[in-house]
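Number of protein chains: 2
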Amino acid sequence: MLADKSLKAFLEETASKSPVPGGGSIAAMSAATAAALTEMVANLTIGKKGYEDVQEEMMELASSLPSIRENFVSDIDRDAEAFNRVMDAFKLPKETEEEKTKRRNAIQDSMKNAASVPLAVAKNAFKIMDLIGKVVEKGNKNAITDGAVAVMMARTAVLSALYNVKINLGSIKDGDFVKVVYDEVNQLEGKVNEIEKEILSKVVL
Amino acid sequence: MLADKSLKAFLEETASKSPVPGGGSIAAMSAATAAALTEMVANLTIGKKGYEDVQEEMMELASSLPSIRENFVSDIDRDAEAFNRVMDAFKLPKETEEEKTKRRNAIQDSMKNAASVPLAVAKNAFKIMDLIGKVVEKGNKNAITDGAVAVMMARTAVLSALYNVKINLGSIKDGDFVKVVYDEVNQLEGKVNEIEKEILSKVVL
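Order-wise, the sequence lines are chains D and R. Position one of the first sequence corresponds to residue 1 (our numbering), numbered consecutively onward. Position one of the second sequence corresponds to residue 1001 (our numbering), numbered consecutively onward.
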């Protein structure tokens, strides 16, 4: 698993001329980081004087966020695997007509998968912005900048993942699939900067 | 070193109720990631047909970026240490007048350091946006979305670091220091979103 590598080695591998891990995996990492910071703010609010009214909400957040974070951590690999599947499909034999058809279908399937994986990351990263809004508004004020960083990491995760969706959509021939996915991309793109701005407006230093 | 931990363990530690690593370290990690992706795009352009004219520039980038990335990786720890120094200063004895003065000075010094560390991260992350612009404009078009992700990670690194500067400035009594730093914060904040937007406008999918 890529996330079992040291952070240093993971970044070295990202920097290398191997295309994976690339932007799609980094989108997932960014989402995992946003989830981690949100969890930290919830944890720093639990048991804190002055925050009695929000204890239950913070405990719910602290218990739901670990699995959300771990899912994003798995997405780091999922994205790399999706990219490798595309590469493998391109390497299939293309001598006979049958091989050509098989290869073409494999490429199309792998491309759809390579668009679907970051689309799921984008959707899930978008969803946690709501949780980040809660910790920024109601969580420990000493950790409010951590909430601000979390929302910016989540926004960057959403948009980064969407770039990776779009670059794959360009090669997909199934018009219905492309239309449905583009609609989702546009919806998320249209909202994410506004939501980031709204949450950051609550961080007054 | 924090970056010697597995990415998974680093995120777990971020999520925990310990305030370090927190948003300041994540800002540095985000900058390191931006540097890594930029380096990857340069590496994917070197030796590539159709990119003969930019070989020298890409080789320069690929040779300068590793140390930039490693410096950001060290900043992950620098930020955590700066936070711990503030905590240690607050724990100093405050019985006698002499102890009180010593403690007050130690707190102020540690706060200045805790503002200076993320300010350096913000400035350096801002600087690499120029390098990212180069790989987006001239680098391998197949990796253009990696450049897009890099610029968003750099923007998020700058703004995240600046939040960490500002939260510390609030407690610093040296008016001249505060004024100088605020001017730098405002300058960076005023430009970073515009530069991100400009670079992203070149990423047409």
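These are computed hints drawn from the structure, not numbers from a lab. Ideal placement from N, C-alpha and C gives every residue a C-beta, glycine not left out. Hints are supplied without guarantee of correctness; some may be wrong.
No more than 16 angstroms apart at the CA atoms, straight line, and that leaves these computed lysine to aspartate or glutamate pairs for EDC-like [claimed, not checked]:
| # | chain 1 | residue 1 | chain 2 | residue 2 |
| --- | --- | --- | --- | --- |
| 1 | R | K1134 | R | E1012 |
| 2 | D | K5 | R | E1012 |
| 3 | R | K1017 | D | D4 |
| 4 | D | K127 | D | E52 |
| 5 | R | K1005 | D | E60 |
Over 12 angstroms on every C-beta distance to chain D, these chain R residues come out as not near it, computed from the model [said to hold, decoys possible]:
| # | residue |
| --- | --- |
| 6 | S1006 |
| 7 | K1017 |
| 8 | G1023 |
| 9 | K1100 |
| 10 | R1104 |
Comparing the hints with the structure gives:
1. With a CA separation close to 35 angstroms, the supplied pair R/K1134 and R/E1012 exceeds the 16 angstroms bound.
2. Restraint check: the Cα-Cα separation between D/K5 and R/E1012 comes to about 14 angstroms, which is no more than 16 angstroms; the hinted pair holds.
3. Under the criterion of a C-alpha separation no larger than 16 angstroms, the hint pairing R/K1017 with D/D4 is inconsistent with the structure, at around 22 angstroms.
4. A C-alpha spacing of about 26 angstroms is found between D/K127 and D/E52, which places the hinted pair above 16 angstroms, so the restraint is violated.
5. Of the pairs offered as hints, the one joining R/K1005 and D/E60 is violated, with about 28 angstroms between alpha carbons and a cut-off of 16 angstroms exceeded.
6. With a least CB separation of 5 angstroms from chain D, R/S1006 falls inside the 12 angstroms interface cut-off, contrary to its annotation.
7. At the 12 angstroms boundary, the C-beta of R/K1017 falls inside the reach of chain D, the nearest C-beta of that chain being 4 angstroms off.
8. Non-interface call for R/G1023 relative to chain D: violated, since the shortest CB-CB distance, roughly 4 angstroms, does not exceed 12 angstroms.
9. Residue-level check passed: R/K1100 sits 23 angstroms from the nearest beta carbon of chain D, beyond 12 angstroms.
10. Its beta-carbon lying about 20 angstroms from the closest one in chain D, R/R1104 satisfies the requirement of being farther than 12 angstroms from that chain.
This entry does not satisfy hints 1, 3, 4, 5, 6, 7, 8, going by the numbered hints stated previously.
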